[in-house]
Amino acid sequence: MLVIKGLKAKVEDKQILNGIDLEIRSGEVHAIMGPNGSGKSTLAHVLSGRPGYEITGGEVTLDGKDLLSLSPEDRARAGVFLAFQYPVEIPGVNNTYFLKAALNAVRKSKGEEELDAMDFLELVKAKLKPLKMDEAMLQRAVNEGFSGGEKKKNEILQMAVLEPKLGILDETDSGLDIDALKVVADGVNALRSKNRSFLVVTHYQRLLDYIVPDQVHVLAKGKIIKTGGKELALELEEKGYGWLTGEKEEAKR
Amino acid sequence: MKAKTQEEPVEKVTSEEYKYGFVTDIEADSAPAGLNEDIIRFISHKKKEPQFLLNWRLKAYGQWLKMKTPEWAFVQYPPIDYQDIVYYSAPKAGPKSLAEVDPEVLKTFEKLGVPMEERAMLAGVAVDAVFDSVSVGTTFKKKLGEMGVIFCSFSEAVQEHPELIEQYLGSVVPYNDNFYATLNSAVFTDGSFCYIPKGVRCPMELSTYFRINAAKTGQFERTLLIADEGAYVSYLEGCTAPMRDENQLHAAVVELVAMKNAEIKYSTVQNWYPGDKEGKGGIYNFVTKRGACRGENSKISWTQVETGSAITWKYPSCILQGDNSVGEFYSVAVVNNMQQADTGTKMIHLGKNTKSTIVSKGISAGKGQNTYRGLVRIQPAAENAHNFTQCDSLLMGDKCGAHTVPYIEVKNNSAKVGHEASTSKIGEDQIFYCQQRGLSKEDAVNLIVNGFCKEVFRKLPMEFAVEAQKLLSVSLEGSVG
Amino acid sequence: MSNLMTQDLYLSAFTARQAFLPGQDQAWLKDLRLKALEHFKQAGFPTDKLESWKYTNLANNLLKMSLSFELPKVTPSAVTAQLKKRGFEVEKAHVMVFVNGAYSAELSSLKTLPKGVVIQNLASALAHETVKTYLGQVASAQKKAFTALNMAYFTDGLFLNLAAGQLLEWPIHVVYLSANASQTTQSHLRNLIVLGNDSRAQVIEHYWGENVSAYLTNAVTEVVLSQGSVLDHTKIGQEDLKGFHVGSIEAKQNEASQFISRTFSVGGALTRNEIDTTLAQKKAESVMDGLYLSKGQQHVDTRTFIDHLSPNCNSHETFKGVLDGESTAIFDGFILVRENAQKTDARQSNKNLQLSNTAKVYSKPQLQIYADDVKCSHGSATGQMDEEALFYFQSRGISRADAKKALVYAFAGEMVERVPSEYLKPALTKFVQDWMGGAS
Chain A
1 MLVIKGLKAK
11 VEDKQILNGI
21 DLEIRSGEVH
31 AIMGPNGSGK
41 STLAHVLSGR
51 PGYEITGGEV
61 TLDGKDLLSL
71 SPEDRARAGV
81 FLAFQYPVEI
91 PGVNNTYFLK
101 AALNAVRKSK
111 GEEELDAMDF
121 LELVKAKLKP
131 LKMDEAMLQR
141 AVNEGFSGGE
151 KKKNEILQMA
161 VLEPKLGILD
171 ETDSGLDIDA
181 LKVVADGVNA
191 LRSKNRSFLV
201 VTHYQRLLDY
211 IVPDQVHVLA
221 KGKIIKTGGK
231 ELALELEEKG
241 YGWLTGEKEE
251 AKR
Chain B
1 MKAKTQEEPV
11 EKVTSEEYKY
21 GFVTDIEADS
31 APAGLNEDII
41 RFISHKKKEP
51 QFLLNWRLKA
61 YGQWLKMKTP
71 EWAFVQYPPI
81 DYQDIVYYSA
91 PKAGPKSLAE
101 VDPEVLKTFE
111 KLGVPMEERA
121 MLAGVAVDAV
131 FDSVSVGTTF
141 KKKLGEMGVI
151 FCSFSEAVQE
161 HPELIEQYLG
171 SVVPYNDNFY
181 ATLNSAVFTD
191 GSFCYIPKGV
201 RCPMELSTYF
211 RINAAKTGQF
221 ERTLLIADEG
231 AYVSYLEGCT
241 APMRDENQLH
251 AAVVELVAMK
261 NAEIKYSTVQ
271 NWYPGDKEGK
281 GGIYNFVTKR
291 GACRGENSKI
301 SWTQVETGSA
311 ITWKYPSCIL
321 QGDNSVGEFY
331 SVAVVNNMQQ
341 ADTGTKMIHL
351 GKNTKSTIVS
361 KGISAGKGQN
371 TYRGLVRIQP
381 AAENAHNFTQ
391 CDSLLMGDKC
401 GAHTVPYIEV
411 KNNSAKVGHE
421 ASTSKIGEDQ
431 IFYCQQRGLS
441 KEDAVNLIVN
451 GFCKEVFRKL
461 PMEFAVEAQK
471 LLSVSLEGSV
481 G
Chain C
1 MSNLMTQDLY
11 LSAFTARQAF
21 LPGQDQAWLK
31 DLRLKALEHF
41 KQAGFPTDKL
51 ESWKYTNLAN
61 NLLKMSLSFE
71 LPKVTPSAVT
81 AQLKKRGFEV
91 EKAHVMVFVN
101 GAYSAELSSL
111 KTLPKGVVIQ
121 NLASALAHET
131 VKTYLGQVAS
141 AQKKAFTALN
151 MAYFTDGLFL
161 NLAAGQLLEW
171 PIHVVYLSAN
181 ASQTTQSHLR
191 NLIVLGNDSR
201 AQVIEHYWGE
211 NVSAYLTNAV
221 TEVVLSQGSV
231 LDHTKIGQED
241 LKGFHVGSIE
251 AKQNEASQFI
261 SRTFSVGGAL
271 TRNEIDTTLA
281 QKKAESVMDG
291 LYLSKGQQHV
301 DTRTFIDHLS
311 PNCNSHETFK
321 GVLDGESTAI
331 FDGFILVREN
341 AQKTDARQSN
351 KNLQLSNTAK
361 VYSKPQLQIY
371 ADDVKCSHGS
381 ATGQMDEEAL
391 FYFQSRGISR
401 ADAKKALVYA
411 FAGEMVERVP
421 SEYLKPALTK
431 FVQDWMGGAS
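Residue numbers (this note's numbering), protein chains in the order written: chain A, 1 to 253; chain B, 1 to 481; chain C, 1 to 440.
One thing to keep in mind: the hints can contain errors.
What the hints assert, rightly or not - Think about it this way: if two alpha-carbon atoms lie no more than 27 Å apart in a straight line, the pair counts; the simulated BS3-like pairs of lysine-lysine are:
no., chain 1, residue 1, chain 2, residue 2
1, B, Lys-346, C, Lys-351
2, C, Lys-283, B, Lys-399
3, B, Lys-416, C, Lys-405
4, B, Lys-441, A, Lys-110
5, B, Lys-66, C, Lys-54
6, A, Lys-5, A, Lys-221
7, C, Lys-375, B, Lys-399
8, B, Lys-441, C, Lys-343
9, C, Lys-54, B, Lys-355
10, C, Lys-351, C, Lys-430
11, C, Lys-375, A, Lys-14
12, B, Lys-68, C, Lys-92
13, C, Lys-343, A, Lys-14
14, B, Lys-367, C, Lys-282
15, A, Lys-8, B, Lys-441
16, C, Lys-282, C, Lys-143
17, C, Lys-54, B, Lys-68
18, A, Lys-14, C, Lys-283
19, B, Lys-367, C, Lys-343
20, C, Lys-49, B, Lys-66
21, A, Lys-165, A, Lys-5
22, B, Lys-441, A, Lys-10
To be verified - Rough simulated footprint, nothing fancy, chain A against chain B, three-plus residues with beta-carbon under 8 Å:
no., region
23, 429-441
24, 446-452
Read the hints as simulated data drawn from the structure, not as lab findings.
Here a beta-carbon is modelled for each residue, glycine too, at the ideal position from N, C-alpha and C.
Take these sequences, add in the hints, and give me the full structure.
So this is what it looks like as structure tokens:
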């Protein structure tokens, strides 16, 4: 479904990605792990089309369609969803309104009918429950004044509503306590299906206890240096990244 | 380079072709261009005014001759030739009811999207429409009349209620207040008058649509609104103007008086022709608006959405005389292309426990220059006065400007005065976040701008809020919940 | 009175005064002085009609006084003792003393200076090439009437010049003492600070008066900061209550330079402090802190101007005031972000605490922004002491008076706490405490 070939990217004058090759098939969950500065988040950003990155080589296709030439919104409409590490606050914009606008933009692009207010509200309320989110959150401004946990849950709620083909979780576990982490992971697991894939970017193995990946890739200096099964994450947890990167242990704290 | 991609939607938001550009063809019964005592006598005579009003006009004129154009605002424009302006023009026959209104005029209103009867009936709004300085139609007058509410054109009020005019005219904005207000005092032609008697809560929102028309006609409206003890009124003022090439001067004066326990809500959506992209044409909007909270517990609330005019120079203010009185100012001001806005408020605290709130949202795009200028003054007798001011500016594009010039004067230590201001570029991360959820860049910008202005829009009456958001090309928010 | 110090008198006095001013052998300076006088003639004294002088009217006070340019020559002996009393460990500073506008070598103590460091009184350095290059370039006589007057009439001041890479270890503590006894006088002081690339210095300008009649101190400080240089500058105003102080500090900052300016003001019948900096090249940084404490009839007027001319510059400004009696304080802070100054981060805050019901505060924090990719904010807050907090103290058995002192110190002390200098901190703590009347 997602195919990345020789992807290279830089920010300003700094080369971050040095040729990434990765294939995720439908229904698979892949984890990207790696030390700070390895390029994990950059990969997530580049896939979703965040401005500020320059692609210097390689290609990315989603179901055979070139992704890199698309605007961020067209990627979203094509089914790429990025759960942000730092969800953005948009003061004054109602959370429900935002989500409805997004869903209808996606539906419209697929030639589907836009949902009216009532139908949408029903839909979103149904998606709220498993995430243990308070309905009052729908009436607040997008992410404004949300706690860390609330923000991450809100990301998963959006994903549940937008039903993407590919969910990219960018350090979704950061800043979460164990209870919130479980809720978020349950939310993601509920969305797992044979038609939907996930790319889980994380520094720690902890999240992978709950969202069990099919494959784990270790990224260092902008390249995948090792690929393995879920056991690889455990090994990393134990040994740190040093044994792979040949550098001093820095992962375990 | 990043800025470039951002400009596109912004441009669309703020610089859509001016929709209301058409000129109505109506013969005007005009005075010759120019200003002198004779013209003032002519206006006063035409309007069959009592002697006191003529005297007042002449006094103002005498004063105006001694005054200079104010130069402290951050606005630039070529000198105005006051002898090249026509100070009086009126449709020949003064219609007495809506049925008598020139169909051409009614068509104009329709083009503006203001079908009067319909709108009036559907929304429960009484419309006192000012067309080229002379009132052409007043609806719902009867119903209001039964409650003792007087809502009519200013000239009508001069004929019917001269005692109220004599008592209140110039009591908030004196004839010698400032250059433009003084000019207005000398030459104003018409406007609206409203009196809400004691204890009456005006059952509908009162609305006036202003429109500048005949060529070279400076508009000098005068609005006087009095809420007697315990009265309440919400007043809407909306403006559109036909597209034209020459700059038009508009120097209106609005005076509000709130007596004990009275409340006045005054909302404005101003969308006059801003001129073209090069800054050619457009209205000069030099307005003096001031309200006096005369009685205890009175409240005056100004809400404005300023998107039009080449130059906006306007400071709706509150004089908080009565103990416990409250003043509010909520403003959204948008400038684009060559537009210039210097706007804000003055909150003068005189009475005890007086409170004021100022929320100003400025949006600058293109080469527009947007200035918030405000004064908060706590006089020595104003025990326990409170003020809070929030001024935010949003910048779009690298050729515009956003300026904040607050004056804070505190002469009583029991006062609590706070001012916060911030200026920033529209958030790139916000735009990307919206895009990542499937929204187009344009929609993302609309959404963010709308959110930025929400605090102010929320203060507008519903139909105005809709219009205001439309003006910002932002779809209505919150239709769900 | 026939001898009011009108503009005419200031102009005509020059002919007689000229011969006594330093730099007789410097034609360029004579020329500068004459030109400055001409600018002053054009501008005249500022009136409250000027936006920047809106709340300070000199017509009823300063301009009614007859102030002689001729200053008595006195040598007070106790300057070092005074400094120690005020909490300064003077052994750890280069001390320079000016009395009534004239340098006093015997009261000064300049430690041995390394090569590349020039600390000198300006009057003796007028032949110096650097002085010739920079004097009047940053603080131009064209912009401000008092600066013009200063250029025409200045007698002396500090000249500091560091060569590239020089890091001055000890602070330079410059005392400007007014002691005019029974005469009413005016003195015009001029300081010039030029720091070479990556050099560093700490300068303290310290103004006070003792044994005085009415006087005016008109001080101008020019600062030129080359690439990567750092100036930590503190101005302490402890003028006598008979004194009028008009001071202007103007800095020009080149790439990645840092200008830290602190103003602590407690004295004077009328004090006007102007601090201007131009962030002329990228990545320059400016920190402006200030504290003004006033009581009685004092009038303290602060005007700052930060000119963001280049990209990626920061400015952080914090001014606090405590006002008692019938005193008046003005804060007029102006931040200008020009078209080219993208990625500017400018923050400004002004907070005032009014202790009495008759004190007046005028706050005017202004932003003028012409670049779009910026982060600018300002805040202003004025209020009285928190009654809740006072009550909390009292409920724990602390007297209301002590509680007030504690709260004033908590408010004002923040500005002292932010000072990293070991040399300044004890003195500034004392500065605040003394004002409050010896609270502990």
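- Query: Where does the structure disagree with the numbered hints, that is, which hint numbers, in rising order?
  - Reply: Result: hint 12 breaks, nothing else.
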